[in-house]
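Trainee: Sequences listed follow chains A and B, in order. Using our numbering, read the first sequence as starting at 1 and increasing by one per residue. Using our numbering, read the second sequence as starting at 1 and increasing by one per residue.
Hints are computed from structural coordinates only; laboratory data are not their basis. There could be a bad hint or two in this list.
With a cut-off of at most 25 Å between alpha-carbon atoms, the simulated DMTMM-like pairs for lysine to aspartate or glutamate come out as follows [stated by the list, open to error]:
1. Lys537/A / Glu288/B
2. Lys294/A / Asp348/B
3. Lys552/A / Asp457/B
4. Lys149/B / Asp474/B
5. Lys170/B / Asp297/A
6. Lys402/A / Asp252/A
7. Lys397/B / Glu521/A
8. Lys517/A / Asp474/B
9. Lys523/A / Asp348/B
10. Lys355/B / Asp520/A
11. Lys355/B / Glu521/A
12. Lys524/A / Asp365/B
13. Lys461/B / Asp297/A
14. Lys517/A / Asp457/B
15. Lys355/B / Glu525/A
16. Lys487/A / Asp348/B
17. Lys355/B / Glu420/A
For the chain A half of the interface with chain B, some residues (derived, Cβ under 8 Å), not all of them [unchecked claim]:
18. Leu485
19. Leu504
20. Leu508
Beta carbons: idealized from backbone N, C-alpha and C, even for Gly.
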Amino acid sequence: MDFMDLIEMPRVDNVKVYRQIQNYELNQLVTQKLFGSLNLTSHHLIFITQTDLQKPREEIWIVHSSIDSLEKNVTEAKFQLMIKCKNFQIYFVDFPTAYCCNSIHKSLESLSNLTTENMKLPFFCQTISKINQEDWNFYSIEKSYKRFFPNEDSSEWRISEINNDFKISPSYPKKVIVPKNIDDQALIKSSQFRSMGRFPILSYYHKKTNSFILRSSQPLLGSNNKRCKEDELILKCALPKGKQGYVYDLRDASILKTAVSKGGGYETEVNYPLWKRINKHMDRFDQLHISYSKLIDACINSSTQFFYKLDTSAWFYNIRQALYLSFLIADEIHNKNGCFLIHGWDGLDNTLLISSLAQILLDPESRTLDGFIDLIEREWLHAGHPFSKRYFKSAFGITPQKQEGPVFVLFLDCVRQLCEQFCLSFEFNEDFLIMLFDNLYTSEYGTFLGNNQNEREQLLVSSRTVSLWTYVKNEENIKKFINPLYKINDDVIWPSIFTQSLSLWSNLFLRFQINSKPNDEAKKEIVKLVETNLQVKIKVEKLRNELLELQKEAIDAGVLNSENY
Amino acid sequence: MGLPNNKWTMTNLNSDYQICDTYPNVLFVPASVEDKILQSSANFRSRGRLPVLSYLHPNGASLTRCSQPLSGFNGRCDEDEQLLQHILMTNENSKFMYVVDTRPKINAMANKAQGKGYENETNYKNIQFHFIGIENIHVMRNSLDKLVKCADSSSNSSFLTELEKTEWLKHIKAIIDTSVFLVEAINDQNTSVLVHCSDGWDRTAQTCALASLLLDPYYRSIHGFQVLIEKEWLLFGHKFSHRCGHLFENDKEISPIFSQFLECVWQLQLQFPCAFEFNETYLIKLHEHVYSCQFGTFIGNCQKERNDLKINELTYSLWDYFQSKIYDFINPLYIPNSFYSNSVLRPDTRIFSLKFWRSLYNRFDSAINPSEKLIDSVSMLSYNTSSLQEYSKLLEKRCAQLKKLIQLNKNDENVLIDLSEDDFEKIEISDKNENEKKSFEKKLTLDEISIDFNSIDLNWKSTRKNCVCYEPFDFASSKLNCSRCGEILCERCVENGKYVSSSASNKLIFVCKNCVDQFRL
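Work the whole structure out from these sequences, hints included.
Mentor: This is the structure:
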């Protein structure tokens, strides 16, 4: 299939585009009307305003994959297309005839719903910057292992390459960390007992207390109550003396029966005597998608009962629940003797959410820019969170397969809540999180392509596309993402999870509705203050040295004496 | 405001509070109007609160305020109508003026039955009459009751729905919306506005004060804000004693009218973080002391009462106290000359832009408030910068002195090998600055230099930390760093320490008790 087959009319003239823009002077949203031509290319819809003596030419570029939903409104007098984008921007386009309206609509429907990964934008954007292998290899399991276990010899854990060809578990990375005493054969047995072959692996090791987080998928008990000795052994071996193991099952206890009847299940007390099972409910990704749609709907149609709508969207419930569960885990790990195995159904979504949030609370490293990127690589990309499926559509759309679910968006929002509550403890800022959000849905970079490492390797992502981290690490860009007030905080952070303590992410969810200028001004002022402070410190440092030298000189010359002398 | 001018004049008609006991003794009225008219207008207005000037815009449009007319179903007053004409005439830029009744229409109608009511558009020439619909004190009181219950964290599960039900933010929105209406009339349409509600001391005070704040950057400074409160609230007789329940009198009179005004200002601060000289703490402390009765400023219901009580002689003023703690109240992000601090503020009043004021309503609930407060660290940063700047001046001075000393020694090498007392004298004379002479004579010894050298800590402790006395901070409590050791101190410990004047200039620098003891300052 070629792009050109999908484009019937590459250009339509006499088109009107309406969008809402901010009038900064009046601090109001106004509708902007533009008149010009609309052009379709393989990846972009480009609107170019008619040249006019008074006004400079304006261009609007919309990437096809950023289109979330299209609504056609064709009446006798009006041929209109409403374009809702994944970043919540909305355009209205008036066409001169019904024919072009239909034609463009058809083309855009196909172009914005391309499922072939190979045809996606990053593969056509190698020129934005050089492909840097270092950025693709930013994360390595060896580095993590070193960080968790500085002294390898005394460690009870090892790196296994059992999944090197992605056969055992297609959604796992090649290498995983497992208990040292468990051999690869046992891992294979355990993988057969776990959904999608996701046997228990180490996710985080808390050096300060020698407690840890494991994660996996649900065990495949089924209705005839199967058991797997090797799987039981893994959990038994992993748990050191004096520690209490907890299986954190992110499903409500009431649905476990259904899970069993479908061939899934849970860790029974009889077979896993050292581990205590705790069921904590988290909304599944498909429910979360509904919550997300309601949230965005409340933000866009906010006139009446805004707070009520916000509440019924359950978005804040989900944030609270996620922060609360990670809080409990962090508390057990840091203050008590708990060790954890986290899983829900397949261990692809909420499992990763809770485990990565707990790490952000526990581990100061993950609150640095590099550490956070490492966390995303380790706990989301390498852990097999299905990015391609989950973020195919955003709040306005959904595919018939219903695989969408903004789990990572919820993660970003939770992190932002933490950034707000601990404004000094995070090295990166809100803009960094918003940038991640934008690249999640549509990107020129290959980082979020595919559903797991296996797919990424097959697509040759690392040699055919640029990594998002290449963009982030660029000297000019990185400045935008650094929190000027960052001071390393070696402690565990304990967030507040009352609804009052949480806030709506206005700079993201209301980004096209509010005027961000006054706040940008404040941000710039903070940067300025920090810079002035630094300058003065440097100056003082210099003067101190100068004074010390002069003092020495003066003493040598005998012109300066101590009073007591 | 450039008053009095040829359009507006000061009248002493109320010098003994004879025409209106809840107004100040000095009023500004149109210059062209006769006392007789004012007198009759006062008689026609509820409690004698006749239309007088609140704010005069440079474009000639004025903001005037009064109480409701005693019109009943068809009463009218010729003089009152004339007074409005005079007010209209002061502004050459507009052929008409607005009369804004801030009450919901149904409330105003109900008042008619009691012989009160609102202006009849047909009787007054060239006025446009508007109802806006801010609810009355009883509705506000009930709403606050609900809000406080809802803020209580124990009943937290559906906080947002509960918040919606309190309608509190809806009321806040109505007040800001009304003020925006006044601003647009005065600033954009060059049209004067007369504002009233029932008695013109609650909703009228809220909207007039807020409109002034939006219109004029002066009122966004610490001093200007104080002037604004003095003028619109204290002088024009907002009944603080009744509304805040200072004395146990009548529950039905209590209502959070002034608190709502403070909250509106807070909402503006949130939207325009660089436009105000004062910070959130200022508002919270103001809120505290309006109720605390620790200072005389907000005692009584009007100027007359305060005069009768001899408040000025018998009590301390809150403003003096605030002045002594000014470092707590400075907004470190204030940019005096930016676009937003120089121009008319146009707040976004869509409901999603209005927030729940957590740091006020959950002020003492430390589990709810964030443990790291952005504004604290920014304040500390700017305080640190200014201290270091002082310090660098001191270092520069010491360097210069040493250089001179060494230089002098070299030049006179042949004559003088040892420096005796006389030589100090010599150097002194060569110094131009009188101050420097002194310090030079006294201080230039090794010990003194080393004391100077260590007079400041380069890396102050982060505001994340608690005070050394482990007293927990509430969300509005002040934090200060000792400039010498860099430790964080709470308000109480600050009082044990002292402010010493910097050796380089007369600026005051804070030093904690430990350092005072240690360095015998």
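Trainee: Going back to the hint list, which numbers does this structure go against?
Mentor: 1, 7, 8, 12, 13, 14, 16, 20
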